[in-house]
Amino acid sequence: MSISLNNISKSYKKLKAVQDISFDVNPGELFGLIGPDGAGKTTIFRILTTLLIPGEGTATVAGFDVVEDYKEIRNSVGYMPGRFSLYQDLTVEENLTFFATIFGTTIEENHDLIEDIYVQIEPFKNRRAGKLSGGMKQKLALCCALIHKPKVLFLDEPTTGVDPVSRKEFWEMLKRLQKKNITILVSTPYMDEAALCDRIALIQNGEILEIDTPEAIVNKFPKTIYNVGADNMYKLIQSLQKYKYLYSVFPFGEFVHYTDKRDSFEVADLRSYLEKEGLVNISIEVAQPNIEDAFMELAR
Amino acid sequence: MKEENVIEADQLTKTFGEFTAVNAISFEVKKGEIFGFLGANGAGKTTAMKMLIGISKPSAGKAAVAGFDVYSQPESIKKNIGYMSQRFALYDDLTVKENITFFGGIYGLSRKKIREKREQLISELGLENISNKLVGSLPLGWKQKLAFSVSLLHGPKIVFLDEPTGGVDPITRRHFWEMIYKAADQGTTIFVTTHYMDEAEYCDRVSIMVEGKIEALDTPKKLKEQFKVDSMNDVFLKLARIPSPTLPKGKGENTDCN
Numbered sequence: 001m002s003i004s005l006n007n008i009s010k011s012y013k014k015l016k017a018v019q020d021i022s023f024d025v026n027p028g029e030l031f032g033l034i035g036p037d038g039a040g041k042t043t044i045f046r047i048l049t050t051l052l053i054p055g056e057g058t059a060t061v062a063g064f065d066v067v068e069d070y071k072e073i074r075n076s077v078g079y080m081p082g083r084f085s086l087y088q089d090l091t092v093e094e095n096l097t098f099f100a101t102i103f104g105t106t107i108e109e110n111h112d113l114i115e116d117i118y119v120q121i122e123p124f125k126n127r128r129a130g131k132l133s134g135g136m137k138q139k140l141a142l143c144c145a146l147i148h149k150p151k152v153l154f155l156d157e158p159t160t161g162v163d164p165v166s167r168k169e170f171w172e173m174l175k176r177l178q179k180k181n182i183t184i185l186v187s188t189p190y191m192d193e194a195a196l197c198d199r200i201a202l203i204q205n206g207e208i209l210e211i212d213t214p215e216a217i218v219n220k221f222p223k224t225i226y227n228v229g230a231d232n233m234y235k236l237i238q239s240l241q242k243y244k245y246l247y248s249v250f251p252f253g254e255f256v257h258y259t260d261k262r263d264s265f266e267v268a269d270l271r272s273y274l275e276k277e278g279l280v281n282i283s284i285e286v287a288q289p290n291i292e293d294a295f296m297e298l299a300r
Numbered sequence: 001m002k003e004e005n006v007i008e009a010d011q012l013t014k015t016f017g018e019f020t021a022v023n024a025i026s027f028e029v030k031k032g033e034i035f036g037f038l039g040a041n042g043a044g045k046t047t048a049m050k051m052l053i054g055i056s057k058p059s060a061g062k063a064a065v066a067g068f069d070v071y072s073q074p075e076s077i078k079k080n081i082g083y084m085s086q087r088f089a090l091y092d093d094l095t096v097k098e099n100i101t102f103f104g105g106i107y108g109l110s111r112k113k114i115r116e117k118r119e120q121l122i123s124e125l126g127l128e129n130i131s132n133k134l135v136g137s138l139p140l141g142w143k144q145k146l147a148f149s150v151s152l153l154h155g156p157k158i159v160f161l162d163e164p165t166g167g168v169d170p171i172t173r174r175h176f177w178e179m180i181y182k183a184a185d186q187g188t189t190i191f192v193t194t195h196y197m198d199e200a201e202y203c204d205r206v207s208i209m210v211e212g213k214i215e216a217l218d219t220p221k222k223l224k225e226q227f228k229v230d231s232m233n234d235v236f237l238k239l240a241r242i243p244s245p246t247l248p249k250g251k252g253e254n255t256d257c258n
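Protein chains in written order, with our numbering: chain W, 1 to 300; chain U, 1 to 258.
What the hints contain is simulated information worked out from the structure, not anything from laboratory work. The model shown is predicted, which means the values in this text are computed figures rather than measured ones. All clues stand as given, with none of them false.
Only part of the chain U face toward chain W is listed, based on derived beta-carbon distances under 7 Å:
1) TRP177
2) MET197
3) ASP198
4) GLU201
5) TYR202
6) ASN233
7) ALA240
No farther apart than 25 Å at their CA atoms in a straight line, the calculated lysine-lysine pairs in the BS3-like style are these:
8) U:LYS222 to W:LYS235
9) U:LYS57 to W:LYS131
10) U:LYS182 to W:LYS235
11) W:LYS175 to U:LYS238
12) W:LYS16 to U:LYS143
13) U:LYS213 to W:LYS168
14) W:LYS168 to U:LYS221
15) W:LYS168 to U:LYS224
16) W:LYS242 to U:LYS182
17) U:LYS30 to W:LYS235
18) W:LYS131 to U:LYS50
19) W:LYS14 to U:LYS133
20) W:LYS13 to U:LYS133
Quick reminder that beta carbons are idealized off the backbone N, C-alpha and C, glycines included.
In isolation and in its complexed conformation, chain U is listed as follows (with noise of 0.2 Å):
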């Protein structure tokens, strides 16, 4: 059998005006995967990423997502993926247990299997005692671990995480990465973005944008070879330097919204 295809682009590409924040990029993303994608701030990851999950429309080129495709279904593709980001993943202002019920509800889960999954995710990450507190009095490590557990409620085919760990703990962070193993051990895909270098290297491929495109696209042991240096953060450094990132497409238009 034919190893499965969770995410297939073929030559996507987004424009705006005259700028081109995504040019034809080419990849696919196997299940189970985890797939890292890195870039310099302004190299167009999030609008890229935007495309794959079904909110923005591609100016050319192909894509399918869990099957789904990016101009015809992206409604199916959203109801078919897991999304977490750290800007914002849960309510503040509801408790962990109705943050779950809330988006049990969103994805379609009937009642009885939201309470199965609330009880189960509440006692897996040993919630118990804090269940009926708001999530805004959370630490923010617990609150991330939370959020991707509820991104993975309704049994998604892939995942995208956009920079899950941003200052969270260094043990916290280790912690999140295990749930990460995990989850992609039983079959989900995992589309991870971060800064953190040495997060790039426990991803089973990395992708490097630069200036809207994929420059660099393979194991991380590969790309170390391929670059003769001894870490990611060196790779990143010697593809995503030139020219200048302080002034980004030459304009220093903010592109990206970060």
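Here chain W stands alone, though its shape is the one from the complex (with noise of 0.2 Å):
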């Protein structure tokens, strides 16, 4: 295993921020926490990278113990963390010589790893990183995590606030980096980013709600999902939730994603109790589950 959890719990005073989390993660694995702000998702990156000792329970990272162990984790892992944390008066270049200096190597010996970054922030190495963008703040600070060929990547949502552009380009960044055999353990509030994992944990409240591929935790969604479109969305919303037979009504793009108490319903019967309440350019589909709608049922 290159990621072990047992039994990891975690508070602060009276705030139990993680609670009995248990999750593995194999080599050259692409793993996802996902979940919102207060999930507990950083205070988990904390114990892996052993700057927070556990409350209780054991974890192990590329085969060392967080506790016993962690100087040879601080060797072999690389951190990312949420804040941009790099040396915001120092270039871009001394940034990164100055994380291959502290891990004892040098931009040259690791450049292969992270040369397709590296390229593209490389014209201006000599700017502050104060003074970067958003989207090259962070492909600076990927490459500071990586200038010492880690084992296992943490990255703790590098894509929060970028725009969808950044983060495509973010996530072709994480599959190139995967092959390259590095295990990477990566967190995201966004769930559209889950389907771009190997497996992945779903989190809220510091407890895991599921763990598995993005494909099985949908396949496991138990309700039949309908697409329902009106012409007036609020109106939609509040006809729905006066439904007697309503299980779950949320806005899911142009459409609501609507489920049904019943295990079988007429289609038509919903249609003429949307009719009744005044509603025009009604329509009625089944859809395919997603990653959120498991989420919010898993969560409920």
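Hints in hand, dock the two standalone chains.
In structure tokens, the structure reads:
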């Protein structure tokens, strides 16, 4: 196992940040921790990168114990925290050289690993890190986390607040890194990114809701979902919320995702109810569930 | 009667030295409309929004918000709009009640009005049991819902929401949008930025900024037809992809304080 957590818990005073978390990440796997702010993602990252001692439980990274062997772990992992934490007043090149030196290596030695990311920021190698745009900072931080050729890479919300184009590019970079035999643990609040991971853990309020491949999690969704549309979204949601057979209704893009309490029902009944409510241009179609549906069902 | 425009921007421009952050954008937003303001990081969204809320003077062009001119009446604009961002919304070290009272005071409501609004808001959001708790101790989703309600305290014509749902869990994110629908239904105009492309689909109309210009503006449905794709995410990727967003403006300067 590249990463292994066994019954890890951590509290800050009264607040239970994570409770009884267990999961394993296989070598070379791209594993996603998916959950909103406050789910406990960062606490897990800080425990695994030896910056925080777990309250209970044990964990290993690259075969080393997070408490006993913290020095070995620090040499064999790369960590990109959620908050930009490079030296703002050092240049791009100085930051990279600094991190290489700390780990007793050079930029040249591991150049092949960072090459296709570094070329994108190399034209600005004499610019101070604080003066870079968000997307460029993110790429520099990734280069610095990779400079010592880590066995395991920890990325805490690397795409939060990043636009969809840069997010897509970032995930393409991760896929390429994965091919170079680096195990990656990445966290994100964006449910659509879950589908890009080999396996995911859905996490909320410090507890894991489910661990599996994205496909398996979606396939386990227990209900039939209908895409329901109408001219007035607000009225549509209000009407559905009053419907006696309602199980759940959530806005989803241009439609709402509706599930019914009954195992089977006539779509025509729902349609005539909505017509009576005064809605027009009603459409009702069966839809495929996605990770976000699964998350919301599990979090109920 | 002519439909009322709450925002009118005409060739609105902002330059910093030689760099043009916002390049002659023109658009209107109608009363009660939910208007999505999208763009890649560094495309100029924040700069444009700062001009519209009266805290940054345009370099050229015209704009009126809630009927007030951005050059000559920025103070009137500030009184007649609501604003909420992901980064700053409420004071963590004040209680729920204190935050409402404080912002009510800032917006110039009378004590009586503040008391009324405070009770109404706390009961609508179901915060009775925690109204004396510090806002800092609340889950992010509750904070954001409270912040949105607070931004509506003074009955503004329009409310600006800058990535209001970033990091919020999926269920609360949807409750938040139900609140947005409700406010719009009651006639409040909503001007919202987001990186969640499914949220772009909830808007009546959406504009997409690329390198300082508005490159597309229409209903989500028509934009999808225009670009022959199935989702707003794909519309966004098609539009914002070129040139490489990795090297914004070919210089990689930090232009929008992100």
